[in-house]
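*Asks:* Construct the complete structure from the given sequences, taking the supplied hints into account.
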Amino acid sequence: MNNMPAILVLAPLLGAFFACLAAWIQKQLSYYIALAAMAVSCFAAVSVLTDVITSGTMQYRMAGWAPPMGIELRIDLLNAMVLVLISAIAFVNLVASVKNVEQEISDRAPSFYVMYLLFVVGLLGVTATGDLFNLYVLIEITSLTSYTLIALGDKDRAPLAALNYIFIGVIGASFYLLGVGYLYITTGSLNMADVAVILKGIQGSSAVLTAFILCILGVWIKMALFPLHVWLPNAYAFAPVGFARVVAPLMTKVMVYVMVRLMVTVFGLEYIFETLNLADAVVWLAVTAILAGAFTALFQKDLKKMLAYIIVCEIGYMVGGAWLGNSLGMTGAILHILNDGLMTFALFLAVGNIIYMRRQTAFSDLSGLFAAMPWTMAGFVLAGLSIIGVPPTCGFFSKWYLVLGAFEAGAYHFAAALIISSLVCAVLFFKVFEICFFEADSGAGDHNPAKVITEAPVSMLASLGLVSVAIIAAGIYAGTIVDTIILPFLQ
Amino acid sequence: MLWPIDLIVLTFVIFCAIAAITVRDLLGTAILFSAYSFLMCLLWAVMGAVDVAFTEASVGAGVSTVFLVAAVFRTSRRTKD
Amino acid sequence: MKFFGFVIVCLTGGLLLYGTMDLPDWGDPGSPASTHLSDYYIEHIVEETQVPNLVTAVLADYRGYDTMFETAVVFCAGLACFLLLRDFRPKKDRYFRHVPTGVMLHFKNPQTRLIAGNEFEHMDKDWVPSDMIIKTVCRILIPFIQIYALYVVAHGDFSPGGGFQGGVIFGSSLILMAISYNLKTLVKRVTEKFLSVFAALGVLIYVGLGVAAMLMGGHFLDYGMLAPLLPSDPGHIRALGMLGVEIGVGIAVMAVMVIIYINIVSEGRHDEGL
Amino acid sequence: MSDILPLIVAKYNFWLYIILMMIGLYAMIAKNNLMKKLVGMNIFQTAIILFYVSIGYKHGATIPIIQGGHGGHSAHDAVIHAADYINPLPHVLMLTAIVVSVATFGVAMALCVRIYQRYQTLEEDELRMRVSERITHE
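As they're listed, the protein sequences go chains A, B, C and D. To convert, note that position 112 of the first sequence is 112 in the numbering used here; the numbers rise steadily by one, no gaps. To convert, note that position 33 of the second sequence is 33 in the numbering used here; the numbers rise steadily by one, no gaps. To convert, note that position 186 of the third sequence is 186 in the numbering used here; the numbers rise steadily by one, no gaps. To convert, note that position 101 of the fourth sequence is 101 in the numbering used here; the numbers rise steadily by one, no gaps.
Hints were generated in silico from the structure; no laboratory data involved. Incorrect hints may appear among the rest.
Stated by the list, open to error - Derived PhoX-like pairs (lysine-lysine); straight-line CA-CA distance at most 20 Å:
{"hint": "1", "chain 1": "C", "residue 1": "K193", "chain 2": "C", "residue 2": "K135"}
{"hint": "2", "chain 1": "A", "residue 1": "K27", "chain 2": "C", "residue 2": "K193"}
{"hint": "3", "chain 1": "A", "residue 1": "K301", "chain 2": "A", "residue 2": "K431"}
{"hint": "4", "chain 1": "B", "residue 1": "K80", "chain 2": "C", "residue 2": "K2"}
*Replies:* Structural data, given as structure tokens:
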């Protein structure tokens, strides 16, 4: 019997509690324990992915009970891919952020690592589980840890942003819980596969429709789709860097994953696109989300806020792609989960390096960065190009699939929104590049006419380099990923 | 189970909920919230969910109220609505 | 905002009412929820686990994975209160009372030290003379509350209750001590290190039992695999596993409830409170 | 009308849970005081728990503790009928949900205390005013 699926989730969980105990012996120990736990988890995720590719869907029965009675972890190609993404990003971030954490929250660093591990446990668990209620519990772990860690950021505004996030997050999670309740009362089961089988027989029921709307609405609130996104920009902009770097790429992507899982596995695509007629409305919503996110980003004067609105825009891509109703759109959405995770992570890594050296990210403070931090800015430019969608980078390929899907579905407004938002992103990033490159460094430049390079520490640069390579690699191997993972999953 | 009892308790629960969010004193809110939780616990016990009722009695009516009172003690009783 | 809220609430209510139309009647024994999984649980649990309280059996065994994360959530809450509120700076203003005369001294400089002696006692800003009746009654009551809490934990297999409820009751007995005496009395007896170690240890017991089952060659949390480790009736092993898990939950919850209370009531300074 | 009355009687629990949920949701959205919002949040979550417990209820059944199962020996003799006991699964789920809600409540309250330390108020409009004041001062 293969215990890897359980180890994947359990390693960070055990690590969290050992780190908590170890902090009473030696504060540094908790960081190393966290690192080791994430390394084990990462290894397990990769091994699960290879196993799933070779031998198909993996099931792991918790406590040894057969699925509808007990909880099962059910890992197919889609989960396995997202699991690898999560554990790899969380591991790399742990390496990259140790200095940021020391700078920002040095007195509580061990507790920060414990919370961080629990956050990752939540994300991994959400992705791995095959049970609807278990998903809720794990979403709550993720949310609770992110409320706390966000509140540790900016002294004045972060607690307010976090409290706002709590209220909206609780509404989202409760809607999801209610949806599960309606599903349970109509099917009598909580296991995703089992529910899907029973739902086939009762598709006309109004209770099922309500369950569907509530679940999807809850997930949308959690992922910050456009009209429900009000919590996201403040929360991500005021969070401590070490955490913003992991919550920004992962939290929303995992929620997109949950949406795809609910659509594909639980309710079934036929139910959504043939019985219900909501798809057009949702695609329009996604179009508004994309345009609103992109244009609000134009008016931001702070790099972190700008990136937060770009995330809102990217969520629109994925939701729209998933709701186009054809396999090209879904492929694009799933591929974009992976690519957007990498791109956002690279952007936030670069932002973290800038904050580490300069403490500020308002546009007025960015001048002369190319001269001062060439390597960081190289990574930033690469990630920016990828967000815009320039060919060798991975961002291009997912947009390509999304546009193709939009044309196949006849959703020309969605394709237009994609292209317009790409143009807006280009404007945004070139504005930033311009400030960083051409404007003279007003502060440090006067004292150092020779333009001394003040680059971030090696660990941070190495992680950024690694992610940049991953962005290129994901672009080059996009075809392979689609052929081995996404298309087999969709069939 | 007698459905009139259930209905009466449910009505009380709704009164308590409305009162808890309208009263203009946070300490009053805390106590009304405690009463709400306790009535809710009663309702669940009537419906046969003894474990849930037990938990709600110890958590909702007990510890949550203490936390709420502690937080009010550290902040302020004043509220505008 | 009020109007906006009202519209949202009405929309949600309307949606839910619409969904309720097709629900089976309340209490209908033939509804899918009461037949599909529920029948299996009711008919097989006693045979499979020897635990008559079905809720405990499902909670700690069939859905033990959920409960593990539930405990982790509680742990998170405790850690969150510590992270958000704990303030290690000493308080500026301190008050001392001269016990024989009742004169109060107000110290504004945190560096000033008082000559150690019995006649001065450190006290809270909002100090009121403690009531003898309350103190005496609580002193008598607290041990009984604690014993009841232990009973609830241990007897969770047979009657309503279990680790979570027991832990909360135990925690509230400690909170009662802080309220009836003062916070310093509690913090002196139950230190922060003790609480945080217990909170982590409780969850660790839970996860550890699961991992032990995994090491013995079973699935995670499969208590049946622990049989060779315990010299007991092998049919009873699942009940014992559940008891172990409940004890872990109880310890963690007890510690976390006290942590949350102490941090909120003293704004993280652990000096004075309600 | 004659159609609706049996419908209400058969489902009044579900209807009342919806009312409670609406009260909680309204308090969360429209109230100005953060503590009131927190209480609203708790009412909202309790309403959902009420919904789940209502799912579990069965006419003519008793609490989900097997009688005569004490000690685990006599239970083998008697045949257990599923119709005699209430569905235990929603209760299990709701135990977890209560725990989650109290954990969220604790964290939210800690945040409230911290916000009060910083801004000396818990009213949302005043908070908004003070934050914008702070930004214009910079």
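*Asks:* Determine for every hint whether it applies to the structure shown.
*Replies:* Cross-check of the supplied hints:
1. K193/C - K135/C: Between K193/C and K135/C the Cα gap is close to 26 Å, so the pair fails against 20 Å, i.e. violated.
2. K27/A - K193/C: holds (14 Å)
3. K301/A - K431/A: holds (11 Å)
4. K80/B - K2/C: holds (14 Å)
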